[in-house]
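Asks: For the protein sequence lines, the chains are A and B, in the order given. In case it helps, the numbering used here puts the first sequence at residues 1 to 136. In case it helps, the numbering used here puts the second sequence at residues 1 to 136.
Be careful, since some hints might not be right.
Here are the in silico distance ranges between beta carbons for each label pair [what the hints assert, rightly or not]:
#1 Asp7(A) / Lys133(B): 37 to 43 Å
#2 Ala125(A) / Glu116(B): 44 to 50 Å
#3 Ala43(A) / Glu121(B): 39 to 45 Å
#4 Glu53(B) / Glu3(A): 29 to 35 Å
#5 Glu132(A) / Gly8(B): 39 to 45 Å
#6 Glu50(A) / Asn128(B): 38 to 44 Å
#7 Leu16(B) / Asn128(A): 41 to 47 Å
#8 Glu121(B) / Pro117(A): 32 to 38 Å
#9 Asn128(A) / Asn104(B): 35 to 41 Å
In short, the hints are calculated from the structure, not lab data. Just so it is clear, CB atoms sit at the ideal spot from N, CA and C, and this is done for glycine as well.
Protein chains: 2
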Amino acid sequence: MSEFELDGRIARDSDLIATLDLCQLRIQNDSRWPWLVMVPQRADMTEIFELSEADHALLSAEVNHVAAALKEITCATKINVGALGNIVRQLHVHVIARFEGDANWPGPIWGYGSAEPYDSEKRQALVNTLMEKLSR
Amino acid sequence: MSEFELDGRIARDSDLIATLDLCQLRIQNDSRWPWLVMVPQRADMTEIFELSEADHALLSAEVNHVAAALKEITCATKINVGALGNIVRQLHVHVIARFEGDANWPGPIWGYGSAEPYDSEKRQALVNTLMEKLSR
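Model the full structure from these sequences, guided by the hints.
Replies: Dropping the structure here:
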């Protein structure tokens, strides 16, 4: 069995903010939306249903926990959760805070326009608030 | 506690094909993609993390089962799973079979173009094959 290795495009487009039991929790380098990416640290996974039952339960619990925290800290109108993988095949789950009137509301964020860089202080504040909420 | 009632837009845009333990399993009236919609039959739910722990486990298992079956019967390049809800707030999960070169590949299907009606025989064949696979 090969070892988990993060896809290079995910590595380039997002930064690691925490390592959970199963997933790398990462923040997308795009200030248009609070946008998290969760990557199960298992090799050769493409579809959620390829995970073992135990890993699938862990992924569901971790995504739920992160989504609830993201909603609470951002007061988002709606959380969008998606596992697409049409471009990057390594299994990853997007968790995004959406707001009425945001850059592509109410359409999906994937494939829309170009990433906009974060002000590093704002990004750090978001990460700190999220990590505080997750640790409670 | 109010009773579950299907959102009128989901009712209009998709047809019921099976009632699972938790979800209505529905097929979207759009022949561009084999596109299923799963609606937990629980009142007043908007986000996945609002479900009880038991319901959440059921939803995860049902989505997994359906996604795996859809991939197998369609030989899709990739299954897309998403819970957005920016327009219709009633909690629902999309499970879509995607193919290289399909109508909006590799972009997301949501908000893209207009639905195209099914040839009713083709639609029925897809539903029959899916139901057979799910019942095994």
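Asks: Could you tell me which of the hints above the structure violates, numbers in ascending order?
Replies: Numbers 1, 6 and 8, in rising order.
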